[in-house]
Amino acid sequence: MKKIRIFAAASILGLSALAVPAMAEDVTLNALFMKQAGYSEEDVTAMTQAFTESTGIQVNPTFVAYEELAPKILTSAQSGGYDVILGDCIWPAQFAKAGLVMDVTDRVEALDLDDIYQGALDATKYEGKYYGMPWLNDVKYMFVNTALLKEAGIEEVPSTWDELIADAQTVKDAGICEYPIVGCYAQAECLICDYTCIAGSFGGAFVDENNAPTLNSEENIAALDFMAKTLTDGLCNPKSLEMIEDDVLSTFAAGSAVFAINWTYQYASMNDESQSSVVGQGVITPIPGTDKAESATVNGGMPLMITAGCQHPDEAWDYMLFLASKEMQAKYCANALPIWKSLYTDDQVIETAGAEVVAASQTQFDYIVNRPMVPYYNELSTSMQTEIQSVLLGQKSAKDALDGLQALAEELANN
Amino acid sequence: MRLRKEEERYAFGLIAPSMIVVFGVIIIPIITTFIYSLVNINPLSSHMGEFAGLSFYIKALSSKAFWDDLGRTLYFTIASTAIETVFGLLIALLLNQKFPGVRFLRSIIIIPWAIPTVVNGSLWKLMLNGEYGVINALLQRLHLISSYQSWLGNPKTAMLCIVIADAWKMTPLAVIFFLAALQGIDYTIYEAAKVDGAGMIARFRAITLPALRPTIMVIVVMRTVEKFKAFDIFYLMTRGGPANSTKTLMYDTYLQAFTNLNYSDAATYAYLIAIVVALMTVFYVRMMKRRDLA
Numbered sequence: 000m001k002k003i004r005i006f007a008a009a010s011i012l013g014l015s016a017l018a019v020p021a022m023a024e025d026v027t028l029n030a031l032f033m034k035q036a037g038y039s040e041e042d043v044t045a046m047t048q049a050f051t052e053s054t055g056i057q058v059n060p061t062f063v064a065y066e067e068l069a070p071k072i073l074t075s076a077q078s079g080g081y082d083v084i085l086g087d088c089i090w091p092a093q094f095a096k097a098g099l100v101m102d103v104t105d106r107v108e109a110l111d112l113d114d115i116y117q118g119a120l121d122a123t124k125y126e127g128k129y130y131g132m133p134w135l136n137d138v139k140y141m142f143v144n145t146a147l148l149k150e151a152g153i154e155e156v157p158s159t160w161d162e163l164i165a166d167a168q169t170v171k172d173a174g175i176c177e178y179p180i181v182g183c184y185a186q187a188e189c190l191i192c193d194y195t196c197i198a199g200s201f202g203g204a205f206v207d208e209n210n211a212p213t214l215n216s217e218e219n220i221a222a223l224d225f226m227a228k229t230l231t232d233g234l235c236n237p238k239s240l241e242m243i244e245d246d247v248l249s250t251f252a253a254g255s256a257v258f259a260i261n262w263t264y265q266y267a268s269m270n271d272e273s274q275s276s277v278v279g280q281g282v283i284t285p286i287p288g289t290d291k292a293e294s295a296t297v298n299g300g301m302p303l304m305i306t307a308g309c310q311h312p313d314e315a316w317d318y319m320l321f322l323a324s325k326e327m328q329a330k331y332c333a334n335a336l337p338i339w340k341s342l343y344t345d346d347q348v349i350e351t352a353g354a355e356v357v358a359a360s361q362t363q364f365d366y367i368v369n370r371p372m373v374p375y376y377n378e379l380s381t382s383m384q385t386e387i388q389s390v391l392l393g394q395k396s397a398k399d400a401l402d403g404l405q406a407l408a409e410e411l412a413n414n
Numbered sequence: 000m001r002l003r004k005e006e007e008r009y010a011f012g013l014i015a016p017s018m019i020v021v022f023g024v025i026i027i028p029i030i031t032t033f034i035y036s037l038v039n040i041n042p043l044s045s046h047m048g049e050f051a052g053l054s055f056y057i058k059a060l061s062s063k064a065f066w067d068d069l070g071r072t073l074y075f076t077i078a079s080t081a082i083e084t085v086f087g088l089l090i091a092l093l094l095n096q097k098f099p100g101v102r103f104l105r106s107i108i109i110i111p112w113a114i115p116t117v118v119n120g121s122l123w124k125l126m127l128n129g130e131y132g133v134i135n136a137l138l139q140r141l142h143l144i145s146s147y148q149s150w151l152g153n154p155k156t157a158m159l160c161i162v163i164a165d166a167w168k169m170t171p172l173a174v175i176f177f178l179a180a181l182q183g184i185d186y187t188i189y190e191a192a193k194v195d196g197a198g199m200i201a202r203f204r205a206i207t208l209p210a211l212r213p214t215i216m217v218i219v220v221m222r223t224v225e226k227f228k229a230f231d232i233f234y235l236m237t238r239g240g241p242a243n244s245t246k247t248l249m250y251d252t253y254l255q256a257f258t259n260l261n262y263s264d265a266a267t268y269a270y271l272i273a274i275v276v277a278l279m280t281v282f283y284v285r286m287m288k289r290r291d292l293a
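Chains as they are written, first to last, in numbering that gives the first Met the number 0: chain S, 0 to 414; chain W, 0 to 293.
Bear in mind the hints are in silico, worked out from the structure with no lab data behind them. Any given hint could be a false lead.
Below, a list of computed lysine-lysine pairs in the DSS-like style, where the Cα atoms sit at most 27 angstroms apart [stated by the list, open to error]:
id, chain 1, residue 1, chain 2, residue 2
1, S, K340, S, K34
2, S, K398, W, K155
3, W, K124, S, K34
4, S, K228, S, K340
All chains should be built: construct the whole structure from the sequences, respecting the hints.
Set out below in structure tokens:
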């Protein structure tokens, strides 16, 4: 009898131990981040250490190249290999439909949404629900080497594509730069980002307000023809076809290009003496426009998301909130601008990010174009990369390529 | 009787760990992949979970993309294996001679093979870079090109560059195989042939080549199968670009699974790759047997 009582008491103690919620100190989160563009690995590590010091929650951050993010998420999300993941703005639709990430609508709606930029919010949204905490607020800009422009007798930075082409021709004819324009046109997502900017500035979009595909619109065809012509005219560097963002940055930083479209992080890198020979020569400006649109840029927002298999969603949300807090975003804004509107008048932000970057962002944020936020986007993007490259290589006409893509998009939308 | 049962239990206990590994890592994934190729496993599709029969196989075999992928895969496989075999044999013949420093050369020839594929791919990508690659600098100094070329950005040269990068890494393996076989040939046969007046080419054709035939077959079989399944070097150097000019069957399988979430298409591609590899292996084994009989 005594043995039974001891066993029962031990069982109750054991069960109650299980019922007690885990202390914050006992929780360890695994988080997945990107190590290119946006916040640097050092920044994220420092933010994470600050979080652990204030909460006692341990976090193991893993950093991978952008291209590795999606495969790692897809193979681990349901098993909870990572609790917190950094995702691109084009993924929430796919991840939500596949049940890979948690719906955090209630948590996001409890925030001061009026103080968050719409682009950053859009990057987390699918069918009216939020699937992540807005974190990385980024768009693409035009970077111009004004020293090379001045050498060719040009004082003004172009604000339209026509002006830019005229300037590029002048610089080329003067023998100052063989290929004044450089783009990241490799068979990768960066090509779609550049095309989104240029198509947007020609008044085009890939889907309409109901998410129905509009890939073969006249504006999109004109934009793609324009990109191909810059290559055939010898104004755009033909090596762009093997370049991603970092290659564009290094070409610009070596003084081998006058015009480059890239993310915010290029500003800090091109003004860093250890990696640039054009320090102080480059300016950041809004992407040029046409008579159809004054400017256009692509939404590069990246939210933090909680995976479906996460065992500690509350702690994961606390971590995400900490990383996206005003304090952290103001402190580490050199490589990525804050999501909070109120921080753009903050002296610390203006000083750290640079007054020029903050000023350019205030104009550029008004012209954000989203890539299609649809579940089938990744499959469409893979085909778009190939078809757009075929046009840039002169293998296909822009119309044929975009007609084919339109048919594919319609088929995928109806699948 | 009792002793026999105990022995059986003991034997089963000994093989149980390896059986768990074989079933868990090989058998179960093979079966699961086959099921995936017959059932719609695409979490984004409205037909998710529906039995599809052989429709994924029919879809793959009737698509132009599949045959284009197969063509590029065969080009890479044949070109790369041919380069490795020919250069492997030539280098082995050289290293089989006696000259000062031959031992040192035999030691360092292994270095490219010892380099991980990730390093090899990144190394060649840097060397072939259109803006600052050393290969452009070298060719320009030799006046073979007038300006820097985008080797990996041009559909006509991208696959050839990958073939060279892969062959550079794997040729040493063929060298080792050939060298081992060459050293097994009785040198007195060459002496006798010399006495009979056989020249260098005649000695190679009559003695060396027949003796190396089994080694050639082993290298060709081994390397063909490996190359047909190659993925990492494509992922590292071009990711299938430009304009799909380096997209192989294996790379497309990866794209279907990890970009498009079309797990059924990926499983179908994986099985079709396995079938092609199996057919190639059967063909090679039969050829080897026929040669043995001859």
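Hint by hint, here is what the structure shows:
1. Taking the CA atoms of K340/S and K34/S, the gap is near 26 angstroms; set against the 27 angstroms cutoff, the hint holds.
2. As the CA atoms of K398/S and K155/W are separated by approximately 24 angstroms, the hinted pair is consistent with the 27 angstroms bound.
3. Distance restraint check for K124/W and K34/S: the Cα-Cα separation of roughly 20 angstroms lies within the 27 angstroms cut-off, and the hinted pair is therefore satisfied.
4. As the CA atoms of K228/S and K340/S are separated by approximately 39 angstroms, the hinted pair breaks the 27 angstroms bound.
The structure fails hint 4 only (numbered hints given earlier).
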